[in-house]
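Participant: Here's the letter readout for the chains.
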Amino acid sequence: MSKDWPLYEVFIRAKSGLSHRHAGSVHAPDDEMALNHARDVYTRRNEGVSIWVVRSSNIIASDPEETSAFFEPAKDKIYRHPTFYEIPEGVENI
Amino acid sequence: MYTQGLDQKSGQEDRQPAVDSAEDLARFQARIDDEEKIEPKDWMPEAYRRTLVRQISQHAHSEIIGMQPEGNWLTRAPTLRRKSILLAKVQDEAGHGLYLYSAAETLGTSRDEMVDQLLAGTAKYSSIFNYPTLTWADIGAIGWLVDGAAIMNQIPLCRCSYGPYSRAMIRICKEESFHQRQGYEIMVELCRGSDEQKAMAQDALDRWWWPSLMMFGPNDKESVHSAQSMAWKIKRFSNDELRQKFVDVTVPQAEFIGLRVPDDDLVLDEASGHYRYGEIDWNEFIQVIKGNGRCNRERMTTRRDAHENGAWVREAAQAYAEKRAARAAA
Numbered sequence: 012m013s014k015d016w017p018l019y020e021v022f023i024r025a026k027s028g029l030s031h032r033h034a035g036s037v038h039a040p041d042d043e044m045a046l047n048h049a050r051d052v053y054t055r056r057n058e059g060v061s062i063w064v065v066r067s068s069n070i071i072a073s074d075p076e077e078t079s080a081f082f083e084p085a086k087d088k089i090y091r092h093p094t095f096y097e098i099p100e101g102v103e104n105i
Numbered sequence: 051m052y053t054q055g056l057d058q059k060s061g062q063e064d065r066q067p068a069v070d071s072a073e074d075l076a077r078f079q080a081r082i083d084d085e086e087k088i089e090p091k092d093w094m095p096e097a098y099r100r101t102l103v104r105q106i107s108q109h110a111h112s113e114i115i116g117m118q119p120e121g122n123w124l125t126r127a128p129t130l131r132r133k134s135i136l137l138a139k140v141q142d143e144a145g146h147g148l149y150l151y152s153a154a155e156t157l158g159t160s161r162d163e164m165v166d167q168l169l170a171g172t173a174k175y176s177s178i179f180n181y182p183t184l185t186w187a188d189i190g191a192i193g194w195l196v197d198g199a200a201i202m203n204q205i206p207l208c209r210c211s212y213g214p215y216s217r218a219m220i221r222i223c224k225e226e227s228f229h230q231r232q233g234y235e236i237m238v239e240l241c242r243g244s245d246e247q248k249a250m251a252q253d254a255l256d257r258w259w260w261p262s263l264m265m266f267g268p269n270d271k272e273s274v275h276s277a278q279s280m281a282w283k284i285k286r287f288s289n290d291e292l293r294q295k296f297v298d299v300t301v302p303q304a305e306f307i308g309l310r311v312p313d314d315d316l317v318l319d320e321a322s323g324h325y326r327y328g329e330i331d332w333n334e335f336i337q338v339i340k341g342n343g344r345c346n347r348e349r350m351t352t353r354r355d356a357h358e359n360g361a362w363v364r365e366a367a368q369a370y371a372e373k374r375a376a377r378a379a380a
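Each protein sequence line maps, in turn, to chains A and B. The first sequence runs contiguously to residue 105 in our numbering. The second sequence runs contiguously to residue 380 in our numbering.
Among the hints, erroneous ones may be present.
To be verified - Restraint-style ranges between C-beta atoms, simulated for each label pair:
1. A/32 to B/133: 31 to 37 Å
2. B/277 to A/73: 48 to 54 Å
3. B/274 to A/91: 48 to 54 Å
Rather than coming from a laboratory, the hints here were simulated on the basis of the structure. The beta carbon of each residue, even a glycine, is placed where N, CA and C say it ideally should be.
Excised from the complex, chain B in its bound form (with noise of 0.2 Å):
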């Protein structure tokens, strides 16, 4: 999902020797166990600590990486009402990363060292904005499948036992189902329109599709740090159980508007009421995470030109504050 760089293996910071007691660490557990929620001065186990740190780091980042592609879109939305909401997406977007970025310092990391890796490239974000945004229906599908996939994701962290994290997350949840329905609306008024307009919303289904289901993160088989968060309740499901939610409630949704999900695998499972989808690519996976997609060189030149472009901004208020200050003091 926003944070899937964490199911891959990472450096060092994992092979840390726990300073932890043991008899902190039950009391610890016993509290995640009781649904206790856990606050930012509470004692923490380290590896929380860090775990937290990555996972919230990352959703910040991809929140922010994320309005590029739709910002791509932003001065040629077809109509005045189509700009006006795509432009309130991405406002939200913004705040959302910043919500988390806030949740993320309670833990003791700075905003400036999180913002540091992003620039510096070290920090991951998700691989879906690695992908190219290259007709209006794509707005639509990014909308509608990718914010839908955010949105399978994010409800079940609304319950996470760590508080700020938790509670930020139920600021997005409420925020995002406009996110989703826009972009649905924007597909199936695409659907109803004339055959290049269909045709143009099932290439960004064919395009969009893929890359969504890879969203969810690895299989569990191959998903290294999810047993441990599950333990902790940072993560309520798996990777495979959140990405089967999501294609059963989405391939409907597809076949209500005529639009064709490009799997030549996909199938009902009568019994168990469940869909049964083809196999991911995940060669193409993991050539996104470590930054050989279609656009992930680009959204890092993008975000670095932003900052550097934007320090004039930062300094002129500090400038500003610094001078009233000392006016306020004479």
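One chain only, chain A, in its complex shape (with noise of 0.2 Å):
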């Protein structure tokens, strides 16, 4: 059994505007030092405005076995791009 502290997910803003990305992660004893430690690691460089942690035994994830079959039925459904649809030459603005 690892003596390990528990993991923790980085997101960071990097700038407002933008939306918060993956980073990397940390281990922490708690969500406070988790933060702590997220700054110090991942943001010497003013890399980032906003920062979220969340533990990673929280994140629930698709199973990559299972990508084609959970993803299918988006798959047949090229209607949803407007690239599906003909417009006769010389109209604008469409």
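Join the two chains, each given in its own frame, into one complex according to the hints.
Facilitator: Now the structure itself:
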């Protein structure tokens, strides 16, 4: 059994207007230390204006083995893309 | 390089029979050949996983041990500017170690296990960190040569087939170019200084040149794991190819500041545009890898002491977290 502190995943917003993006992970004994560690490890050069940390064990992930079945419902619906539609030559602004 | 221990023949683990089916292996290789990245939960051959765990953890250990030679000069840096720079660089090495441990953990090994292996002396780290830093010029030589060699090796690792390793390397490479430039700047300044300062720079180059070439690991014909790592696109260039690139870019940098590369056989081959360099003392390399370098024992003692002396901090943080959790629950 590992003596490690819990693992947290770190998400960083690089600047306002952008969404948080996964940066890596840190171990920490509690949430507050996780935030401090994430700051020290992942933003030494002002890479962020906001950090989220979340316990890795709280993330629910899709199964890579099931990827094709899981995403299958979207595969045959090509009419969801604008390029599916034919517009006559000469029609503009559409 | 930072993972040159991989090129040595190792113990039991490599002799385990492969349990992966031929079909799975073929499908995996096809993904690799298509330049698809492999992500943590994807199926992968056990040998691919083991190779990566070893390589990434060795790389992480090298970053952690690599703080020591430079840490030696933190309190004696010649100016506040140099001290701040060196402190930032050493902090970066710690950060790089942590990025890499995280990447290795995605393969199912624990941080704890890796740290234990380092402290027990069963894990390897780069031979280069077992050389002493005798003068301030060594700090210049390390940034210029050691980080220069590291960058040469790490840039292709940014395209490694394993996603988390590749992402960690991208982040590391971005940060490392400052390391090399600050080192070269130290050398430039010494070379523009007094005769004594220039001699100090030359002495540092004399001592660090050959160990830096050894960082790339054994010659290709001696390198036992290279072919498989190339097929898996963990490695993109051979040891000798990278070493040659390093020599080609570094020799003119030495000449620019009037330093002499300590190699009587060094000559520019006009036809190929490559420098031909002398024979590396592989016996020295093997001795250092085996633990008989000048500083191997000191590096391990320092690391173990730091770990033990920091235990109370980790325990206090844990106790505080438990106390707060208990209060919140009450």
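Participant: For each hint, tell me whether it holds in the structure or not.
Facilitator: Okay, the hints, checked on the actual structure:
Take residue 32 of chain A and residue 133 of chain B: their Cβ atoms lie about 34 Å apart, and the range 31 to 37 Å holds. Distance hint check: the CB atoms of residue 277 of chain B and residue 73 of chain A are about 35 Å apart, inconsistent with the given range 48 to 54 Å. The hint said 48 to 54 Å for the Cβ distance between residue 274 of chain B and residue 91 of chain A, and at roughly 52 Å that hint holds.
The earlier numbered hint that this structure contradicts is number 2, and it is the only one.
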